[in-house]
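Novice: Residue-level listing of the chains:
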Amino acid sequence: MTAKTTISRGDFLKVSTAAGTGLALAFHLPLLDKLTAAQALDGFEPNVWVSIDTSGTVAITMHRSELGQKVWTTLPMILAEELEADWSRVQVKQGHFNPAYGGQSTGGSASVRTSYDKLRRAGATAREMLITAAAQTWDVDRSSCRAENGAVIHDPTNRKLSYGELVETAARLPVPEEVSLKDPKDFKIIGKSMKSLNAASMVDGSALFGTDFKLPGMLTAVVFRCPVFGGKVASYDDSGARAVPGVRHVTQISSGVAVVADDTWSALQGREALKVTWDEGPNASLSSEDISRTLADAAQSEGTAQREEGDAQAALDGAAKKLDAVYEVPYLDHATMEPLNCTARMGNGSCEIWVSTQNPGEAHEAAMEITGLSAEAIKVHTLLSGGGFGRRLADDFVRDAVEVAKVLDVPVKVIRTRDENIQHGLYRPASYHHIQGGLDRKGQPVAWIHHVSGPADSSFSVSADSPNYGIDMAYAIPNVYVDMTTSDIPVPTGPWRSVANTQIAFVNESFIDELAHAAGKDPYEFRRTLIKEAHPRLLGVLDLAAEKAGWGKRRRGRYQGIAVHGCFRSYAALVAEVSVNRRGEIKVHKMVCAIDCGTVINPDGVKSQVEGGIVLALTAALHGAITLKNGRVQQSNFHNYKLLTMREMPVVEAHILPSNEPPTGVGEPPVPPTPPALTNAIFAATGKRIRRLPVDTGELKRG
Amino acid sequence: MAQIAFTINGQPKSLELDPATRLLWVIRDTLGLTGTKYSCGMSLCGSCTVHKDGEAIRSCTTPVSAVAGSEITTIEGLSADLSHPLQRAWIEEEVSQCGYCQPGQIMIAAALLAKKRRPSDRDIDTTMSRALCRCGTYQRIRRAIHRAAREV
Numbered sequence: 001m002t003a004k005t006t007i008s009r010g011d012f013l014k015v016s017t018a019a020g021t022g023l024a025l026a027f028h029l030p031l032l033d034k035l036t037a038a039q040a041l042d043g044f045e046p047n048v049w050v051s052i053d054t055s056g057t058v059a060i061t062m063h064r065s066e067l068g069q070k071v072w073t074t075l076p077m078i079l080a081e082e083l084e085a086d087w088s089r090v091q092v093k094q095g096h097f098n099p100a101y102g103g104q105s106t107g108g109s110a111s112v113r114t115s116y117d118k119l120r121r122a123g124a125t126a127r128e129m130l131i132t133a134a135a136q137t138w139d140v141d142r143s144s145c146r147a148e149n150g151a152v153i154h155d156p157t158n159r160k161l162s163y164g165e166l167v168e169t170a171a172r173l174p175v176p177e178e179v180s181l182k183d184p185k186d187f188k189i190i191g192k193s194m195k196s197l198n199a200a201s202m203v204d205g206s207a208l209f210g211t212d213f214k215l216p217g218m219l220t221a222v223v224f225r226c227p228v229f230g231g232k233v234a235s236y237d238d239s240g241a242r243a244v245p246g247v248r249h250v251t252q253i254s255s256g257v258a259v260v261a262d263d264t265w266s267a268l269q270g271r272e273a274l275k276v277t278w279d280e281g282p283n284a285s286l287s288s289e290d291i292s293r294t295l296a297d298a299a300q301s302e303g304t305a306q307r308e309e310g311d312a313q314a315a316l317d318g319a320a321k322k323l324d325a326v327y328e329v330p331y332l333d334h335a336t337m338e339p340l341n342c343t344a345r346m347g348n349g350s351c352e353i354w355v356s357t358q359n360p361g362e363a364h365e366a367a368m369e370i371t372g373l374s375a376e377a378i379k380v381h382t383l384l385s386g387g388g389f390g391r392r393l394a395d396d397f398v399r400d401a402v403e404v405a406k407v408l409d410v411p412v413k414v415i416r417t418r419d420e421n422i423q424h425g426l427y428r429p430a431s432y433h434h435i436q437g438g439l440d441r442k443g444q445p446v447a448w449i450h451h452v453s454g455p456a457d458s459s460f461s462v463s464a465d466s467p468n469y470g471i472d473m474a475y476a477i478p479n480v481y482v483d484m485t486t487s488d489i490p491v492p493t494g495p496w497r498s499v500a501n502t503q504i505a506f507v508n509e510s511f512i513d514e515l516a517h518a519a520g521k522d523p524y525e526f527r528r529t530l531i532k533e534a535h536p537r538l539l540g541v542l543d544l545a546a547e548k549a550g551w552g553k554r555r556r557g558r559y560q561g562i563a564v565h566g567c568f569r570s571y572a573a574l575v576a577e578v579s580v581n582r583r584g585e586i587k588v589h590k591m592v593c594a595i596d597c598g599t600v601i602n603p604d605g606v607k608s609q610v611e612g613g614i615v616l617a618l619t620a621a622l623h624g625a626i627t628l629k630n631g632r633v634q635q636s637n638f639h640n641y642k643l644l645t646m647r648e649m650p651v652v653e654a655h656i657l658p659s660n661e662p663p664t665g666v667g668e669p670p671v672p673p674t675p676p677a678l679t680n681a682i683f684a685a686t687g688k689r690i691r692r693l694p695v696d697t698g699e700l701k702r703g
Numbered sequence: 001m002a003q004i005a006f007t008i009n010g011q012p013k014s015l016e017l018d019p020a021t022r023l024l025w026v027i028r029d030t031l032g033l034t035g036t037k038y039s040c041g042m043s044l045c046g047s048c049t050v051h052k053d054g055e056a057i058r059s060c061t062t063p064v065s066a067v068a069g070s071e072i073t074t075i076e077g078l079s080a081d082l083s084h085p086l087q088r089a090w091i092e093e094e095v096s097q098c099g100y101c102q103p104g105q106i107m108i109a110a111a112l113l114a115k116k117r118r119p120s121d122r123d124i125d126t127t128m129s130r131a132l133c134r135c136g137t138y139q140r141i142r143r144a145i146h147r148a149a150r151e152v
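Protein chains in written order, with our numbering: chain A, 1 to 703; chain B, 1 to 152.
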């Protein structure tokens with residue numbers, strides 16, 4: 001059984017019919033419904049295309065950024081499946097940004113979800129053209145031909161032609177308007193763990209990241225920035241900096257004073273010698289204590305209702321047992337291993353940018369604004385990113401480079417040092433939560449009131465309508481009230497892997513645990529009975545995680561905690577297994593995750609994202625906090641903004657719930673349930689409820 | 001400025017430069033070998049690790065003067081054809097996510113394997129805890145080191 005799919009005219013464009021060049025099909029993601037044939041011919045620049053040359057090599061050019069989430073492998077797998085390609089002949093390349101089609105951001109765990117159907121159709125289209133070409137060559141009925149492993153086969157006469165031999169003929173054929181998609185039970189690539197197409201380049205030093213990019217005559221710059229958010233340069237003395245050998249220019253830009261040199265070392269030495277007097281502005285005395293107080297004060301006032309079911313206050317007033325708690329989480333930095341950087345070149349009325357970015361469209365817009373050039377005069381080349389986690393969706397590092405290139409008219413790479421990365425971040429927002437719950441006489445929850453207090457920031461939304469936000473209340477509690485107040489706090493914030501789900505899942509999944517214990521019930525069973533019927537997949541992952549972790553069958557001295565959360569249309573449950581010694585030191589032995597992300601393209605890729613999400617979230621729960629004093633971020637490098645190390649690494653198990661649902665997000669969903677699974681396990685071990693992150697091990701000391 | 005001579009990946013070099021220049025920037029900017037990465041600049045993360053006469057060192061804090069007369073090996077010099085057991089194991093175990101820290105991880109692991117043919121989990125924890133990975137590939141790094149050790 002195969003499904004027929006109709007391709008609207010203009011979806012795919014045959015971009016090459018010249019002899020000797022093979023077959024090339026181009027298209028655009030996301031699908032442009034209204035693209036007409038005329039537009040297609042008049043300057044249509046696709047951002048994804050597939051070409052098959054006469055040697056049979058399949059080259060796929062992708063529009064999404066590779067950050068470590070393996071889109072450069074997973075997306076080609078989808079296309080190669082329908083194409084019946086020989087996987088060993090598939091290559092992948094990064095496509096350029098095309099301003100005609102708006103943003104091409106890589107975020108929201110959306111790459112596979114939004115590309116799946118289109119890539120399948122693209123592969124099927126090319127496959128059908130190749131089959132027709134073979135049938136014409138042999139003068140046989142095309143229904144007697146089939147494609148397999150990079151070739152078309154005619155079984156009745158036992159003949160075979162490779163794609164490389166067929167592309168010239170295929171390129172002269174019209175693009176079919178209707179093609180058949182494969183039955184998933186016939187998949188040979190989708191659902192198999194394939195080796196990453198760029199794996200070799202990652203282990204021999206040849207992978208080219210933004211920091212590695214070089215242009216002839218390129219200079220390197222570092223920027224001296226005001227340590228206080230919102231501060232400005234009052235004056236500077238660059239005589240010392242200019243005296244450093246190799247320093248070519250010192251120039252003021254929006255973000256500070258740039259020292260431009262022949263090489264990185266000279267630029268760094270120049271910055272050391274630069275004297276800047278800052279106008280620190282109104283935030284020069286801001287501290288974390290001030291911020292906590294602001295958020296706590298704001299929590300006293302009525303917020304904007306996010307969810308209202310029943311009469312939560314009345315139900316709480318009448319409850320047999322009442323719980324009242326405050327939870328707090330801090331600002332977090334993304335701390336990508338590759339520092340933020342960007343290379344820009346201006347000249348002859350054009351601007352070219354090479355950058356490790358999740359968002360080339362944002363880079364393009366920033367360059368237009370700074371240079372005043374037209375959209376067509378600006379080119380953005382996306383390079384490999386050494387981690388993103390949301391930080392590379394922004395354009396601040398692009399602005400640095402374009403501004404310097406504009407002033408000096410030289411190709412320049414601006415690179416941030418680690419302290420700049422940490423102290424000039426766009427942080428995961430800190431938040432404060434006042435939460436109350438009520439149980440009836442049987443231990444059933446009857447009331448839930450959650451007041452969220454956080455900074456005003458578009459990435460911090462707990463609205464059920466927010467596209468990136470997940471299931472805000474998975475449990476069937478009859479009376480629920482959730483509201484939110486926002487405060488203007490002069491700390492820059494932005495999206496951080498799984499956005500507001502990180503705060504909400506920590507609070508919800510901790511507090512439901514509190515209610516379970518108050519009701520004298522097993523936390524897993526308590527959740528099971530409360531999960532709404534509308535969320536069977538949430539129940540599915542909860543059960544699978546509990547089963548795989550051996551819930552309730554813990555080893556001596558080890559304690560378990562459980563948590564579950566759905567976001568980005570996927571579902572993840574975690575069981576943490578920990579021990580805590582008398583000194584309060586925590587050993588995380590094992591993290592067992594169950595994930596339901598619909599159809600799985602690359603199972604090992606899913607597992608590596610689960611491992612990565614858990615490590616990032618454990619790092620946050622155990623070590624992560626950006627704090628302020630005198631308006632300055634107190635952390636500067638990995639000694640005081642610690643990352644999890646090998647020594648602390650638990651065994652991570654990732655179990656995938658089999659599903660035929662459409663594919664959904666993987667990069668972010670394992671993150672939110674990890675911290676509450678950990679802290680619920682710490683509670684089981686110590687009786688101490690962790691309501692403030694990161695975990696303070698001093699509070700866990702006994703005896 | 002000073003004249004400093006050393007060997008890198010088997011190639012003798014003699015360079016005139018500020019002797020305080022950190023080896024990392026000489027490798028990356030002067031010699032154009034960009035497999036060795038900058039990340040912390042304070043010997044905290046291991047991304048910049050290279051071998052000096054077979055020992056793993058942090059190139060981000062090592063003045064180039066300290067390697068005069070030494071043999072330096074970078075990730076590009078670990079093997080000519082991805083044949084080092086660790087490179088093969090890294091590919092086999094699908095270790096890399098973003099990949100940025102991996103050259104450093106591999107160079108640290110290579111120095112460990114050169115000293116200890118069959119490292120225990122504890123050996124791996126002790127040595128590899130000096131190298132940070134934000135993508136969380138530690139479990140696979142451990143597996144890959146064990147796999148490579150079996151092949152050596």
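None of these hints come from the bench; they were simulated from the model. Treat each hint with caution, since some may be false.
Claimed, not checked - From the structure, some residues in chain A lie toward chain B, with a derived Cβ separation under 10 Å:
(1) Gly191
(2) Ser193
(3) Asp204
(4) Trp265
(5) Asp279
(6) Asp522
(7) Glu525
(8) Pro650
(9) Val651
Glycine residues also receive a C-beta, built at the ideal position from the N, C-alpha and C atoms.
Novice: Run every hint past the structure and note whether it holds.
Specialist: Here is what the structure says about each hint:
no.: 1; hint: Gly191; verdict: violated, 16 Å
no.: 2; hint: Ser193; verdict: holds, 8 Å
no.: 3; hint: Asp204; verdict: holds, 6 Å
no.: 4; hint: Trp265; verdict: holds, 4 Å
no.: 5; hint: Asp279; verdict: violated, 28 Å
no.: 6; hint: Asp522; verdict: violated, 29 Å
no.: 7; hint: Glu525; verdict: violated, 30 Å
no.: 8; hint: Pro650; verdict: holds, 9 Å
no.: 9; hint: Val651; verdict: holds, 7 Å
Hints 1, 5, 6 and 7 from the earlier list are contradicted by this structure; the remaining hints agree with it.
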